[in-house]
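Enquirer: Sequence:
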Amino acid sequence: MEIKKVNFLIAMIILSISGYSQSLEKFNITLNDCGMNVVIPSGYIEKEIIKNNDMNYDYAIKKADSDFELRYAIRPIRFKKYENTKIQEEIESQVPFRNSQYYIILQTTILNITGGNEYEIQAFNKDAVKNEFNADWGASAFIELNSDFGKGYKYCMVVAIHKDNVADAYYFYLSNTKENISENMDPLFHTLRFN
-1 MEIKKVNFLI AMIILSISGY SQSLEKFNIT LNDCGMNVVI PSGYIEKEII KNNDMNYDYA
59 IKKADSDFEL RYAIRPIRFK KYENTKIQEE IESQVPFRNS QYYIILQTTI LNITGGNEYE
119 IQAFNKDAVK NEFNADWGAS AFIELNSDFG KGYKYCMVVA IHKDNVADAY YFYLSNTKEN
179 ISENMDPLFH TLRFN
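Going by my numbering, the first residue of the sequence shown is number -1, and it counts up by one from there.
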């Protein structure tokens, strides 16, 4: 039981790390620093990031004239550069946890943005997640929001992808209807991937 508490606390710290990128240019710098890239199709506009205590994220887009938004959150596992040796040692000490507990981190994310409700998480096929995202693991969950993160939206499809020693990345598809998420997520599903 004590290990679960420690893992939960570490996951909470990881979830709070974010650069609030605000623009595609800044978001691309974040992605480049951890070996990822994004391709945003036309027809979407940047959405201002809403600071909240539930789940920080780095970049958001909204379909024009629609009740549909996509938010991206990136959590690097390692950085290319560190401010100093102490920060490097602290981050590097978390690498084994981050490479093995991505499921718990996703579970914690879901608890945060749903007001503490648990939902079924569906892991992706290992070969498919490798081919489609160049990731080592991936999963998704369809949830109902109940937090400041989800303010203004009722539903969310969460997609998480993980690459060992690189990063965890999250897609949050938000809308007030399940149908709107289903109709709009397809062209955005593979926009973010590991190099």
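Just so you know, the hints here were simulated from the structure itself, not pulled from any lab data. Ideal Cβ positions, reconstructed from N, Cα and C, are used throughout, including at glycine. One should not assume that every hint holds.
[Stated by the list, open to error] Keeping only pairs whose Cα atoms sit at most 20 Å apart, straight-line, the calculated EDC-like set for lysine to aspartate or glutamate is: (1) LYS176 / GLU142; (2) LYS49 / ASP63; (3) LYS78 / ASP31; (4) LYS176 / GLU67; (5) LYS176 / GLU130; (6) LYS152 / GLU130; (7) LYS152 / ASP125; (8) LYS60 / ASP184; (9) LYS45 / GLU81; (10) LYS78 / GLU67; (11) LYS124 / ASP134; (12) LYS124 / ASP162; (13) LYS176 / GLU90; (14) LYS149 / ASP31; (15) LYS60 / GLU181; (16) LYS128 / ASP162; (17) LYS149 / GLU116.
[Stated by the list, open to error] Pairwise CB distance ranges (calculated): (18) GLU177 / GLN120: 15 to 21 Å; (19) PRO94 / THR175: 39 to 45 Å; (20) ILE102 / ASN35: 42 to 48 Å; (21) PRO94 / PHE140: 19 to 25 Å; (22) LYS84 / GLY150: 37 to 43 Å; (23) ASN30 / ASN129: 18 to 24 Å; (24) GLU90 / LYS49: 41 to 47 Å; (25) VAL93 / LYS124: 18 to 24 Å; (26) PHE140 / SER64: 33 to 39 Å; (27) ILE102 / PHE140: 16 to 22 Å; (28) GLU118 / ILE27: 19 to 25 Å; (29) ASP31 / LYS176: 32 to 38 Å; (30) GLN120 / SER21: 17 to 23 Å; (31) SER180 / THR83: 44 to 50 Å.
Enquirer: All hints are to be evaluated individually against the structure, with a verdict given for each.
Expert: Do the hints match the structure? See the list:
About 10 Å separates the Cα atoms of LYS176 and GLU142, which keeps this hinted pair within 20 Å; it holds. For the hint linking LYS49 to ASP63, the alpha-carbon distance of about 23 Å lies beyond 20 Å, and the restraint is violated. For a cut-off of 20 Å, the pair hint linking LYS78 to ASP31 stands: about 6 Å separates their Cα positions. About 13 Å separates the Cα atoms of LYS176 and GLU67, which keeps this hinted pair within 20 Å; it holds.
Between the alpha carbons of LYS176 and GLU130 the distance comes to roughly 24 Å, so the proposed pair goes past 20 Å and is violated. Straight-line distance between C-alpha atoms of LYS152 and GLU130 comes to about 28 Å, which puts the hinted pair past the 20 Å bound. With a C-alpha separation of about 32 Å, the suggested pairing of LYS152 with ASP125 is violated against the 20 Å cut-off. A threshold of 20 Å between alpha carbons decides the hint, and for LYS60 with ASP184 the separation of about 14 Å falls inside it, so the pair holds.
Taken as a hint, the LYS45 and GLU81 pair is broken in the structure, with Cα atoms around 30 Å apart against an allowance of 20 Å. The suggested pairing of LYS78 with GLU67 is violated, with an alpha-carbon distance near 30 Å, which exceeds 20 Å. Between the alpha carbons of LYS124 and ASP134 the distance comes to roughly 7 Å, so the proposed pair stays at or under 20 Å and holds. Of the pairs offered as hints, the one joining LYS124 and ASP162 holds, with about 13 Å between alpha carbons and a cut-off of 20 Å not exceeded.
The hinted pair formed by LYS176 and GLU90 fails the criterion: a straight-line CA distance of about 40 Å is larger than 20 Å. A threshold of 20 Å between alpha carbons decides the hint, and for LYS149 with ASP31 the separation of about 30 Å lies outside it, so the pair is violated. Restraint check: the Cα-Cα separation between LYS60 and GLU181 comes to about 14 Å, which is no more than 20 Å; the hinted pair holds. Simply put, LYS128 and ASP162 have alpha-carbon atoms about 12 Å apart, close enough for the 20 Å limit, and the pair holds.
Distance restraint check for LYS149 and GLU116: the Cα-Cα separation of roughly 19 Å lies within the 20 Å cut-off, and the hinted pair is therefore satisfied. A C-beta distance of roughly 19 Å is found between GLU177 and GLN120, which places it inside the suggested range of 15 to 21 Å. For PRO94 and THR175, the hinted distance range of 39 to 45 Å is satisfied, since their beta carbons lie about 41 Å from each other. At roughly 27 Å, the beta-carbon separation of ILE102 and ASN35 lies outside the given 42 to 48 Å, and the hint is violated.
In this structure the hint that PRO94 and PHE140 lie 19 to 25 Å apart at CB is violated, the actual value being about 31 Å. Range check, LYS84 to GLY150: Cβ separation about 40 Å, and the 37 to 43 Å hint holds. Distance hint check for ASN30 and ASN129: the Cβ-Cβ separation is about 22 Å, which falls inside the suggested range of 18 to 24 Å. Distance hint check: the CB atoms of GLU90 and LYS49 are about 28 Å apart, inconsistent with the given range 41 to 47 Å.
About 21 Å separates the C-beta atoms of VAL93 and LYS124, a value consistent with the hinted range of 18 to 24 Å. Distance hint for PHE140 and SER64: a CB-CB separation of about 19 Å, inconsistent with the stated range 33 to 39 Å. Look at ILE102 against PHE140: about 19 Å separates their beta carbons, and that is inside 16 to 22 Å. Between GLU118 and ILE27 the beta carbons are some 35 Å apart, a value that contradicts the proposed interval 19 to 25 Å.
At about 35 Å, the CB distance of ASP31 to LYS176 agrees with the hint of 32 to 38 Å. GLN120 and SER21 have their C-beta atoms about 32 Å apart, which leaves the hinted 17 to 23 Å range violated. At roughly 48 Å, the beta carbons of SER180 and THR83 sit within the given window of 44 to 50 Å.
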